[in-house]
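A.B. asks: Fit chain G to the supplied structure of chain A, relying on the hints for placement.
Protein chains: 2
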Amino acid sequence: MRTVYLNGEYMPENEANVSIFDRGFLMADGVYEVTSVLGGKLVDFEGHAVRLQRSLDALEMRNPISKEALLEVHRELVRLNGIDEGMIYLQVTRGAPGDRDFVFPDPETTAPTIVLFTQDKPGLANSPAAQKGMKVISIEDIRWGRRDIKTVQLLYPSMGKMMAKKAGADDAWMIEDGYVTEGTSNNAYIVKGNKIVTRALSNDILHGITRAAVLRFAQEAQMEVEERNFTIEEAKKADEAFITSASTFVMPVVEIDGVAVGEGVPGRVAPRLREIYLEESLKAAI
Amino acid sequence: MRTVYLNGEYMPENEANVSIFDRGFLMADGVYEVTSVLGGKLVDFEGHAVRLQRSLDALEMRNPISKEALLEVHRELVRLNGIDEGMIYLQVTRGAPGDRDFVFPDPETTAPTIVLFTQDKPGLANSPAAQKGMKVISIEDIRWGRRDIKTVQLLYPSMGKMMAKKAGADDAWMIEDGYVTEGTSNNAYIVKGNKIVTRALSNDILHGITRAAVLRFAQEAQMEVEERNFTIEEAKKADEAFITSASTFVMPVVEIDGVAVGEGVPGRVAPRLREIYLEESLKAAI
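Those sequence lines, one after another, are chains A and G.
Numbering follows numbering that gives the first Met the number 0, in which position 239 of the first sequence is assigned residue number 238; successive positions increment by one, without gaps.
Numbering follows numbering that gives the first Met the number 0, in which position 215 of the second sequence is assigned residue number 214; successive positions increment by one, without gaps.
In short, the hints are calculated from the structure, not lab data.
Computed from a predicted model, the values in this text were never measured in an experiment.
Cβ atoms here follow ideal geometry from the backbone N, Cα and C, with glycine treated the same way.
You can take every hint at face value.
Quick list of the computed label-pair ranges, beta carbon to beta carbon:
| hint | chain 1 | residue 1 | chain 2 | residue 2 | range |
| --- | --- | --- | --- | --- | --- |
| 1 | A | G177 | G | V264 | 45 to 53 angstroms |
| 2 | A | R78 | G | D119 | 46 to 54 angstroms |
| 3 | G | A68 | A | R53 | 39 to 47 angstroms |
| 4 | A | V49 | G | K191 | 48 to 56 angstroms |
| 5 | G | S65 | A | R61 | 36 to 44 angstroms |
| 6 | G | V102 | A | G7 | 26 to 34 angstroms |
| 7 | G | S65 | A | K164 | 25 to 33 angstroms |
| 8 | A | E226 | G | E223 | 50 to 58 angstroms |
Chain A extracted, bound-state conformation (with noise of 0.2 angstroms):
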């Protein structure tokens, strides 16, 4: 049984209920941050803070914690539930006004909700999946316009997951327009040579966490990044493929759409990042 943090308080995770009223439940009024442990430490927390504040500030909803506090609160997560490896998810809504209405409702007479829980996931450095690579589909992107804010508006990625996983496949790349936007949960690359091709940031996809870090290491590891927009024809003719994400780090993609990625086995771009990654995350964990 999980511990778990609710509007300040920490519960056994069968207790953690919300309002019928919430605007996270009643529509999808609310934002989310995924953050990594390793090591009993937090990835990367800074960067998941700052996102929160950004997503926060773009619906014009109030913080209601600190970021001192929400460290205590992961800090403290971690250590009632014995996280080694795994991710500590933050979920903070417009709250409960006590009835359903579009307008929002006064930030004076109604708090947000805000809602911490741990996902135990041991050798989550050491993935197998890692070790294999992965299979992507490539579907429509038809979420709506505002994928740089982190909203809880995830049917469509779960959607296609599913799709994926019908297909015998583990994720799907969205496109719109003909080109690539990301992953249903991460940012995705492709490589040519010593170049890593990746989509520039802008309101069409998530402004990864885990992105800005590894086109950082990329870059201190002599490699070129160009952000620009790719096809899924280019990513199937590309050296290597990959994806990020706060939880899945660096992790190959060895077929697009039934078709083999290089030699359809991780290449050396992008294992070599995942190492870079996981060893600076490592050192820099809080």
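C.D. replies: Structure of chain G alone, referenced to chain A:
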């Protein structure tokens, strides 16, 4: 204190809670319906029940309740809360699997969540807003691509309502590729002479239950109905404009982006359609 219905039980509204792991809360993985109550009876219950099933089917979600039992819950909530005029809100989510995962939970072990509550709105039929007409602004439509599925992904419609409020208007009409799709929680129409123009059904708009009824009544009243796209410029120059929804019925729009529509007061067609709709709905209510 309202009595609400949650997963088979009637309970006080302040005791109606769902798990933090409910997919409605974590992933907007839920659908809803709003049925109006007039004279203590349900308006077009059948239409809402059919659309609920359509939404559930589109998301491969199990329907947790038969149509007969659902009708009984609606009626019991009307009785318990003494509703003469108002709405009944219904939401079904994919349930609470006890953890967070993009992959759908096994429907054999995770039951859907079903919740219903009433909203008491005395005077709904004789709304002063219908006498005065409403003002709308136009905003970009950035919602996801399956607006025909009535999901709880209502963050953008909610933001749109706030943009309207800040602009001193009552609602927003959304524009995609140069054409009006619909209002934030209603279908949009313009009137030119004896002709009613409204966007045709597709994945781009909600398949309004009230829309279907109003178009039928309009044709029965010898009005011409043209289902096609229209621009916001065409709407500003129209003789009349109006919206329909289950909770506003037919409501004249008298101003668009600060420009008066027609004489800037409710015209002839929208009030007449409202009258017919209310009369017929009351007659057919169950």
